Amino acid sequence: MSAFARMHYLARIFDSDLWWSFTRSPTVVVSALVAVAMIGSAAFAPWVAPHNPFDLATLNLLDAFTPPIWLEGGDARFPLGTDDQGRDVLSTILYGARISLFVGFCSVLFAMTLGVTIGLVAGYAGGAVDAVLMRIADIKLTFPAILIALLVDGIVRAVLPRELHDRIAIWVLIFAIGISNWVPFARTVRGSTMVEKNKEYVMAARVIGLSPARIMWSHVLPNVMGPVLVIATLQLGFAILAEATLSFLGVGVPPTQPSLGTLIRIGNDFLFSGEWWITVFPGAALAIMVLSVNLLGDWLRDALNPKLR
Amino acid sequence: MPPDASRTVATEALVEVEDLARDFDVSRPWLFRVLNGEPRRIVHAVAGVSFAIPRGTTLSLVGESGCGKTTVARLVVGLYRPTRGRIRFDGSDITALGADDAARSIRRRINMIFQDPYASLNPRWRVRDIIAEPLRAFRVLEDERAIAERVAELLRHVGLSPKDGEKYPHEFSGGQRQRISIARALSATPDFLVCDEPTSALDVSVQAQILNLMKDLQEEMGLTYLFISHNLAVVRHMSDRIGVMYLGRIVELAPTDALFEAPRHPYTRMLLDAIPDLEMTGRRRIPVGGEVPSPIAPPPGCAFHPRCPFADARCRAEVPRLRAEGEALVACHAVEEGRLAA
Chain A
1 MSAFARMHYL ARIFDSDLWW SFTRSPTVVV SALVAVAMIG SAAFAPWVAP
51 HNPFDLATLN LLDAFTPPIW LEGGDARFPL GTDDQGRDVL STILYGARIS
101 LFVGFCSVLF AMTLGVTIGL VAGYAGGAVD AVLMRIADIK LTFPAILIAL
151 LVDGIVRAVL PRELHDRIAI WVLIFAIGIS NWVPFARTVR GSTMVEKNKE
201 YVMAARVIGL SPARIMWSHV LPNVMGPVLV IATLQLGFAI LAEATLSFLG
251 VGVPPTQPSL GTLIRIGNDF LFSGEWWITV FPGAALAIMV LSVNLLGDWL
301 RDALNPKLR
Chain B
1 MPPDASRTVA TEALVEVEDL ARDFDVSRPW LFRVLNGEPR RIVHAVAGVS
51 FAIPRGTTLS LVGESGCGKT TVARLVVGLY RPTRGRIRFD GSDITALGAD
101 DAARSIRRRI NMIFQDPYAS LNPRWRVRDI IAEPLRAFRV LEDERAIAER
151 VAELLRHVGL SPKDGEKYPH EFSGGQRQRI SIARALSATP DFLVCDEPTS
201 ALDVSVQAQI LNLMKDLQEE MGLTYLFISH NLAVVRHMSD RIGVMYLGRI
251 VELAPTDALF EAPRHPYTRM LLDAIPDLEM TGRRRIPVGG EVPSPIAPPP
301 GCAFHPRCPF ADARCRAEVP RLRAEGEALV ACHAVEEGRL AA
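In order, the protein sequence lines correspond to chains A and B. Position 283, counted from 1, in the first sequence is what our numbering calls 283; the numbers after and before it change by one each time, with no gaps. Position 305, counted from 1, in the second sequence is what our numbering calls 305; the numbers after and before it change by one each time, with no gaps.
Because the hints were derived from the structure by calculation, they are not lab data. Do not take every clue at face value.
Claimed, not checked - Short derived list, chain A residues pointing at chain B, Cβ under 10 Å:
id	residue
1	191
2	200
3	201
4	203
5	210
6	211
7	214
8	218
9	219
10	223
11	227
12	229
13	280
14	301
Stated by the list, open to error - Simulated DEER-style distance windows between Cβ atoms:
id	chain 1	residue 1	chain 2	residue 2	range
15	A	127	B	35	56 to 66 Å
16	B	162	A	127	38 to 48 Å
17	B	80	A	191	21 to 31 Å
18	A	147	B	38	50 to 60 Å
19	B	337	A	135	33 to 43 Å
20	B	296	A	159	53 to 63 Å
21	A	22	B	80	38 to 48 Å
22	A	191	B	28	19 to 29 Å
23	B	39	A	135	43 to 53 Å
24	A	213	B	299	38 to 48 Å
25	A	213	B	143	24 to 34 Å
Given the structure is predicted, the values throughout are model-derived calculations rather than measurements. All residues carry an ideal CB built from backbone N, CA and C; glycine is no exception.
Take these sequences, add in the hints, and give me the full structure.
Written as structure tokens, this is what we have:
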């Protein structure tokens, strides 16, 4: 791509309706900045965090239960205090958010792939295939997502040896959260596909004998992806929360790699003995992260809906 | 072109359609039907249509909305499977084309131009990819450079600039989009184009440009057209022969001049009478009222009899068949019995 063409693309982004509606809303700009800051600092945690909380050699039990810096007994090395093992709370939040975001992104990606595929096939094929797939979706919706995730985790735990399970725990978690969240993707894509498949450009592709798979992939899919991205953003917040819930319940990631949910659970034990910072700060980080992602998703949904402009 | 090529008896037909029929099931869902004791509801969209299109000529199908002309177009290109009947293309049966190489080489020679230029181009594709899609699908050209050259040539051919290939469909007007559709339809050098109301969504001034472009391309490349329209002026300009459809059947099939000068079927006369035209002054008008009946429960006998001023007991009981009447084929008992002044 030439430099000129690249500039043209940039100009198109800043010239678009989406960018205009973005700059119009201070809430959205702030939540975008917060989301980018949190995702960035989590992704680059090894460089940003003041300590490596998982390097046992740097931990000192004498530092345990240090309160935040502005309270009496605070230590400048630990701005948000330390937990029961002397780990810096700020650093554990950064490392924990990394795990939480990783699980969130991957499970949404998995749910999206599964849901979009099922929705495309159901919408394009119609008839009995559609009926069967959509009834499966209906049945899926009668189970709470957490229950399915617990079930998946329980089965995997029972089937696999413990050592192996700990190594792949994070992928089990991603699978469990993803499998419980594909239905909104499938329903939306099915609806849009049923509209698109009767348009003449799809018929034009059928006239020249293209296979249904190729038509779905190269013609229908690009035209149904708009709403999918909105759902994905909204689901990201949900997936992060689901991961935190599962980790809080103790069936999520192993304690050697704590996510935000694990940190909240650990801190919960000390809440009533006065060391509130161990659980409140990870909780606040989780709340702010989910809130900013959800606000972005809400805005994206409205901005892409021509009827609300 | 031999002078008699446009006659009803085809000497060398590229496309032959024989007793083509297609039903659609428009019943409500099964559970609903059982609970309410409703029967199945079947629409006989096309109820036995036969015609032949000689190589290099245009056959038009005209009729009111819902008469089945679009269904015929879609059956011929294979978008629908026929309930009954045969379609032959250049001697080979294409009624149920598969996905093998032989089928692909036949499909390459047939393409379609659609009604709505705002829906027939994928909004997410660049124009050059839209036009090149048949080239790639039929593997006419494999080399990307050759494809780019061919696309540029096609764009020039339909009166656009090769630079337009980089753009997206929304950057064009309706007429320009229809030019893109034509370029796409022609890219794999087909012999036969099915045009489903290609100008009905366009402004009148643009319609003429597109129609003339299509006529020029036909002469230049020896194309055969099946042209679907409800606009008699357009059809007169384009066609060698015209089939008038009513409720899933062809009621009159005649060379263009014969049809406009001496329409035989009462329905054809009614359609022509509806055109405000100086040539029509003085002719006795046939009063025809009423709506097109539902194709779910078509009237017995001749489907046109409820609206026909010449209908008698036989018309209400017996379906008329297409019979040669001079240069034309007409399906009408009154014409056959000479009850109608010609």
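Evaluated hints:
Given hint, residue 191 of chain A at the interface with chain B, is violated; its Cβ is 18 Å from that chain's nearest Cβ, farther than 10 Å. About 4 Å separates the beta-carbon of residue 200 of chain A from the nearest beta-carbon of chain B, less than 10 Å, and the hint is met. Interface hint at residue 201 of chain A: satisfied, since its Cβ lies 4 Å from the closest Cβ of chain B, which is below the 10 Å cut-off. Evaluation of the residue 203 of chain A hint against chain B yields a held restraint, the C-beta minimum of about 6 Å falling below 10 Å.
Interface hint at residue 210 of chain A: satisfied, since its Cβ lies 6 Å from the closest Cβ of chain B, which is below the 10 Å cut-off. Annotation: interface hint on residue 211 of chain A holds; nearest CB of chain B at approximately 7 Å, less than 10 Å. Because the beta carbon of residue 214 of chain A sits about 9 Å from the nearest beta carbon in chain B, less than 10 Å, this interface hint is met. The beta carbon of residue 218 of chain A comes within 8 Å of a beta carbon in chain B, closer than 10 Å, and the hint placing it at the interface holds.
Below 10 Å, beta-carbon pairs count as interface contacts, and residue 219 of chain A has one with chain B at about 6 Å; its hint therefore holds. Hint status for residue 223 of chain A: holds, given a least beta-carbon distance of 6 Å to chain B, under 10 Å. About 14 Å separates the beta-carbon of residue 227 of chain A from the nearest beta-carbon of chain B, more than 10 Å, and the hint is not met. Because the beta carbon of residue 229 of chain A sits about 14 Å from the nearest beta carbon in chain B, more than 10 Å, this interface hint is broken.
For the restraint placing residue 280 of chain A at the interface with chain B, the shortest Cβ-Cβ distance is roughly 47 Å, beyond the 10 Å limit, so the hint is violated. The interface hint given for residue 301 of chain A is broken, as the beta carbon of that residue sits about 20 Å from the closest beta carbon of chain B, more than 10 Å. Taken as a hint, the range 56 to 66 Å is violated for the pair residue 127 of chain A and residue 35 of chain B, whose Cβ atoms sit roughly 21 Å apart. The given range of 38 to 48 Å is respected by residue 162 of chain B and residue 127 of chain A, whose C-beta atoms sit roughly 44 Å from each other.
A beta carbon spacing of about 24 Å between residue 80 of chain B and residue 191 of chain A agrees with the range 21 to 31 Å that was offered as a hint. Between residue 147 of chain A and residue 38 of chain B the Cβ separation comes to about 41 Å, which falls outside the hinted range of 50 to 60 Å. With their beta carbons about 59 Å apart, residue 337 of chain B and residue 135 of chain A fall outside the hinted range of 33 to 43 Å. Evaluation of the 53 to 63 Å hint for residue 296 of chain B and residue 159 of chain A yields a pass: the beta carbon distance comes to about 57 Å.
For residue 22 of chain A and residue 80 of chain B, the hinted distance range of 38 to 48 Å is satisfied, since their beta carbons lie about 46 Å from each other. In this structure the hint that residue 191 of chain A and residue 28 of chain B lie 19 to 29 Å apart at CB holds, the actual value being about 20 Å. In this structure, residue 39 of chain B and residue 135 of chain A break the distance hint of 43 to 53 Å, their C-beta atoms being roughly 27 Å apart. A beta carbon spacing of about 45 Å between residue 213 of chain A and residue 299 of chain B agrees with the range 38 to 48 Å that was offered as a hint.
Our hint of 24 to 34 Å for residue 213 of chain A and residue 143 of chain B holds, since their Cβ atoms are close to 25 Å apart.
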